[in-house]
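Given these sequences and hints, build the entire structure.
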Amino acid sequence: MNKKLQHQTAPEVRMETKKLSVIYNKTVYGVRDVDLPIYTNQVTALIGPSGCGKTTFLRSLNRMHELLPHALVTGQALLDGQDIYASKIDPVVIRRKVGMVFQKPTPFPSKSIYDNVAAGMKLVGIKKKSILDGVVEKALRDAALWDEVKDRLKSPGGSLSGGQQQRLSIARALAVEPEVLLMDEPTSSLDPNSTTRVEELIRELRQQVSIVIVTHNMQQAVRVSDYTAFFFVGEMVEHSPTKDLFEQPKEERTVEYLSGAFS
Amino acid sequence: MKADSELSKKTALHSTIPAIYRSPGDKVFKLIIFTLSSAIVLLAAAMAIILYIEGRPAFRAFGHASFLSNTVWDPVAGIHGALPFIMGTLITSFGALLLAILPALGVAVFTTEFAPKGLAQIINYMVDLLAAIPSVIIGLWGIFNFAPFMREKVYSPLYFWATEHAPGLLPVLGAPSNYNLTTATIILALMIIPYTVALSRDAIAMVPQEQREACWALGATRWEVMSVAVLPYAKPGIIAGVLLSLARALGETMAVAMLIGNSNRVPFTLFGPAATMPSVIINEFREAVEHLHYSSIMAVGFYLFVLTMGINLVASAIQRKLMLKKGIS
Amino acid sequence: MNIRYRYLRDKVILAVIVALTLTVVIPLAIIIVYVIVNGISAINIDFFTQELGSPSRAMLGRPTGLMHSIIGTILIDLTALVIALPFGLATGIMMSEYPEHVFAPIARLLTSTLNGMPAVLMGLLAYALVVKNTGGFSAFAGSCALAFVMMPIISKSTESILKITPWSLREAGLSLGLPRWRVTLSLVFPAARGGILSGVLLAFARAAGEAAPLMLTSFGNNYLTLSMSKPMDTLPQRLYSLAISPYRNWHAMGWAGAIVLLLFVMLTFLIGRITVQNMKRKARRLSNNT
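Residue numbers (my numbering), protein chains in the order written: chain A, 4 to 266; chain B, 459 to 787; chain C, 563 to 852.
Since the hints were made in silico from the structure, they are not lab data.
Worth double-checking, as some hints may not be accurate.
When the alpha-carbon atoms are kept at most 25 Å apart in a straight line, the in silico DSS-like pairs for lysine-lysine are as follows [what the hints assert, rightly or not]:
#, chain 1, residue 1, chain 2, residue 2
1, A, K29, A, K253
2, B, K485, A, K100
3, A, K100, B, K488
4, A, K91, A, K22
5, B, K575, A, K91
6, B, K575, C, K844
7, A, K91, B, K488
8, B, K488, C, K725
9, A, K157, C, K844
10, B, K779, A, K29
11, C, K844, B, K693
12, A, K125, B, K488
13, A, K100, A, K21
14, B, K575, C, K842
15, A, K130, B, K485
16, B, K575, C, K694
17, B, K779, C, K844
18, A, K100, A, K132
19, A, K100, A, K130
20, B, K779, A, K125
21, B, K485, C, K725
22, B, K693, B, K611
The structure is reproduced here in structure tokens:
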């Protein structure tokens with residue numbers, strides 16, 4: 004693709020963290036002082052060995068840590084220039100703007116496919132069928148699931164296959180029309196075919212949403228992302244256009260990681 | 459398509475979501491939940507405070523020390539000492555615990571390690587069912603079936619044997635009465651077994667499979683695996699379970715009140731009537747017209763509260779320590 | 563030690579363990595059979611349609627029954643449930659959905675401690691709080707006492723059931739920008755509904771078998787009353803009075819009451835157990851599959 008062109012015209016920053024740290028139990032740093040821009044309509048991949056803090060960082064971008072006891076976030080995470088951790092900011096609203104897809108598909112088991120996708124609307128009082136129908140169809144189309152499920156929207160979300168369930172989770176996240184979509188190893192529980200589908204989907208979705216994806220699979224980072232950030236032991240070591248990071252890494256630790264020194 | 463998306467964006471997202479669907483709604487919900495939850499704290503506090511206040515006249519009249527150590531409980535004379543009931547409670551409870559431990563452990567070991575899955579499940583169901591049978595029904599069975607049987611077939615023959623062969627035992631045995639200390643203790647044991655079983659079962663189930671496999675790999679037999687790898691590992695959990703069962707035994711009321719004979723004349727004998735803290739509450743509360751009598755019963759209740767609270771706290775401390783050790787929070 | 567000895571020892575110990583198991587199971591079977599045999603022969607239509615009245619009724623062979631105790635039990639227990647439910651459910655929700663809050667471990671400790679408290683103490687508390695302040699024994703006081711019994715049981719079962727439902731369900735909901743209360747009520751609760759219901763049922767069954775707290779609060783009554791402010795009869799407390807009464811006819815009626823109470827308690831117990839087990843299995847399957 005025309006990656007060269009992309010980093011000549013520096014893309015617009017949608018989200019940006021400044022000295023962001025996540026601290027567990029007041030002493031243990033999950034991640035420390037991360038400065039990272041997330042560009043509009045680009046896919047940013049976070050890579051690094053397991054336990055390096057990439058998922059921790061990802062979850063700090065939509066204030067997901069608030070549910071865990073003893074997790075403290077310091078520093079700033081700016082969304083369109085505004086700190087999402089500022090005191091007057093409502094975390095519920097932030098999570099509507101910054102959606103998330105998890106490692107395992109998480110369909111709401113008791114709800115139908117339709118209601119799964121509509122959940123983000125219906126459960127906040129938007130119940131007009133004319134609106135919902137449109138939103139559900141669009142989200143399912145965007146998640147490349149519409150053709151497979153359009154005839155059985157009433158059947159439970161749990162009846163789909165694993166890959167379909169993950170695309171349902173993506174559709175559900177898209178339905179609330181987030182500005183940023185966080186994906187935490189979205190293909191790690193999927194078979195190769197489904198993985199390919201989801202990867203293709205990610206490439207397409209970047210036209211309407213900025214994506215941050217955590218992956219343990221370096222090839223996947225190369226395949227889907229425009230920018231890559233390498234995390235190691237709680238630090239963000241290097242961030243550059245994906246091609247540059249993989250072809251001419253600047254940092255010693257990145258070189259070692261890419262050559263398989265630690266996994 | 460593009461226009462559609464713009465439209466839905468406007469209608470769905472940017473029409474601001476009402477406050478109840480945002481953080482303010484969460485705050486209200488949290489407030490409601492926490493206000494209602496505080497009832498559990500109030501309940502515990504109320505029990506301690508109110509039982510103490512209601513018992514205060516008795517504490518004033520006799521002093522805590524002599525209330526707890528006096529063996530005379532004579533409502534007519536206005537003398538109230540709780541020692542007979544404390545002794546009765548401790549004797550029956552510890553006696554029941556001693557009787558219950560082995561069978562309970564037997565059931566727990568059998569169902570977790572030996573029995574085929576179906577049989578284990580049936581036995582577990584039955585044991586749990588035993589816990590669900592109302593105390594008063596066990597008492598009923600005791601009165602009409604178990605107590606007369608024990609007196610005729612066990613206590614009386616033993617007593618007559620002792621009169622001829624071991625007269626030294628007679629003061630300990632006492633003349634067999636229909637409702638007595640031993641009957642109550644046995645019934646109590648039967649009633650706490652389900653708790654001991656359930657808690658030991660949990661403790662044994664928490665032993666990691668690797669522990670067992672490591673032992674199997676050394677060529678151990680079934681029992682050796684059990685005694686070397688499983689039971690030592692499960693021991694703290696079993697002890698906590700035994701303590702919780704003890705707390706149950708201390709507070710068990712109806713069946714004991716129906717079968718113990720309700721006599722506060724110490725020393726108690728094995729085959730003679732006795733009384734416990736809960737049984738005196740049940741037997742005398744409704745007849746307590748004198749204020750001091752009423753207050754003394756409340757005071758017994760207060761100390762029963764302190765006793766069970768203490769044992770429960772120790773047991774949960776052990777359990778918490780266990781959880782931490784195993785990394786479960 | 564040679565291997566034959568070791569295998570022999572295994573066999574002996576297994577035999578002992580089986581024998582110990584039998585000493586637990588056999589008395590249980592005896593109790594149940596005894597209650598059923600005695601109860602069935604004592605039960606008749608009058609039992610369900612007549613009130614007890616004075617002892618002379620039974621002595622003279624006039625129709626008498628425990629209709630008033632059955633109605634009283636239902637009234638007092640349902641009222642108790644209505645009182646206990648909001649508090650119990652809220653405490654359960656608090657403990658499972660707000661684990662990060664400092665209050666959660668305190669509530670957990672108190673819940674398990676109160677669970678182990680003798681029910682007779684709940685009776686004393688309800689007496690001091692309600693009977694003393696309202697001027698007499700009453701059905702309502704009995705309901706309060708049973709509500710005290712139910713509350714910690716409901717909290718504990720609600721907490722443990724809610725905890726079975728996977729945490730990922732909550733995160734998925736929150737990541738859609740749903741408020742926490744919506745996630746709790748519309749996503750977590752429906753997934754746990756069966757389990758919560760059966761937990762409530764078990765608490766109800768447990769309280770329905772309690773006699774001690776009621777003897778100190780609702781007192782008992784030989785006649786039917788529907789007034790919550792008057793002394794009212796209940797089955798467990800009536801069983802006690804019948805059992806210690808000197809009348810043979812009343813003993814028989816006690817057995818009839820026992821079988822009704824036992825069947826009720828056993829049935830709710832079984833329903834509750836099966837529902838909880840199904841839920842656990844479903845949750846396990848869910849976390850394995852996905």
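To see whether the hints hold, each was checked on the structure:
Restraint check for K29 of chain A and K253 of chain A: the C-alpha separation of about 33 Å exceeds 25 Å, so the hint is violated. Taking the CA atoms of K485 of chain B and K100 of chain A, the gap is near 21 Å; set against the 25 Å cutoff, the hint holds. A C-alpha spacing of about 24 Å is found between K100 of chain A and K488 of chain B, which places the hinted pair at or below 25 Å, so the restraint holds. A hinted pair counts as satisfied when its Cα atoms are at most 25 Å apart, and K91 of chain A with K22 of chain A qualifies at roughly 20 Å.
Under the criterion of a C-alpha separation no larger than 25 Å, the hint pairing K575 of chain B with K91 of chain A is inconsistent with the structure, at around 57 Å. Restraint check: the Cα-Cα separation between K575 of chain B and K844 of chain C comes to about 19 Å, which is no more than 25 Å; the hinted pair holds. The suggested pairing of K91 of chain A with K488 of chain B holds, with an alpha-carbon distance near 19 Å, which does not exceed 25 Å. Among the hinted pairs, K488 of chain B with K725 of chain C is consistent with the structure: their alpha-carbon atoms are about 18 Å apart, no more than 25 Å.
Taking the CA atoms of K157 of chain A and K844 of chain C, the gap is near 21 Å; set against the 25 Å cutoff, the hint holds. Distance check on the hinted pair: K779 of chain B and K29 of chain A sit about 22 Å apart at the alpha-carbon level, within 25 Å; holds. Restraint check for K844 of chain C and K693 of chain B: not satisfied, since their Cα atoms lie roughly 31 Å apart, outside the 25 Å limit. In summary, the hint linking K125 of chain A to K488 of chain B is supported, as the alpha carbons are separated by about 22 Å, within the 25 Å threshold.
Distance hint between K100 of chain A and K21 of chain A is fulfilled; the C-alpha atoms sit about 19 Å from each other, no more than 25 Å. Distance check on the hinted pair: K575 of chain B and K842 of chain C sit about 17 Å apart at the alpha-carbon level, within 25 Å; holds. Note on K130 of chain A and K485 of chain B: the hinted pairing holds, with a Cα-Cα distance of about 24 Å set against a maximum of 25 Å. The straight-line distance between the Cα atoms of K575 of chain B and K694 of chain C is roughly 53 Å, outside the 25 Å bound, and the hint therefore fails.
Between K779 of chain B and K844 of chain C, the direct Cα distance comes to roughly 30 Å. Violation of the 25 Å bound is thereby established for this hinted pair. The straight-line distance between the Cα atoms of K100 of chain A and K132 of chain A is roughly 23 Å, inside the 25 Å bound, and the hint therefore holds. Our distance criterion of 25 Å between C-alpha atoms is met by K100 of chain A and K130 of chain A, whose separation comes to about 20 Å. Restraint check for K779 of chain B and K125 of chain A: not satisfied, since their Cα atoms lie roughly 44 Å apart, outside the 25 Å limit.
At roughly 22 Å between alpha-carbon atoms, K485 of chain B and K725 of chain C fall within 25 Å of each other, so this suggested pair holds. For the suggested pair K693 of chain B and K611 of chain B, the alpha carbons sit about 38 Å apart, so the restraint of at most 25 Å is broken.
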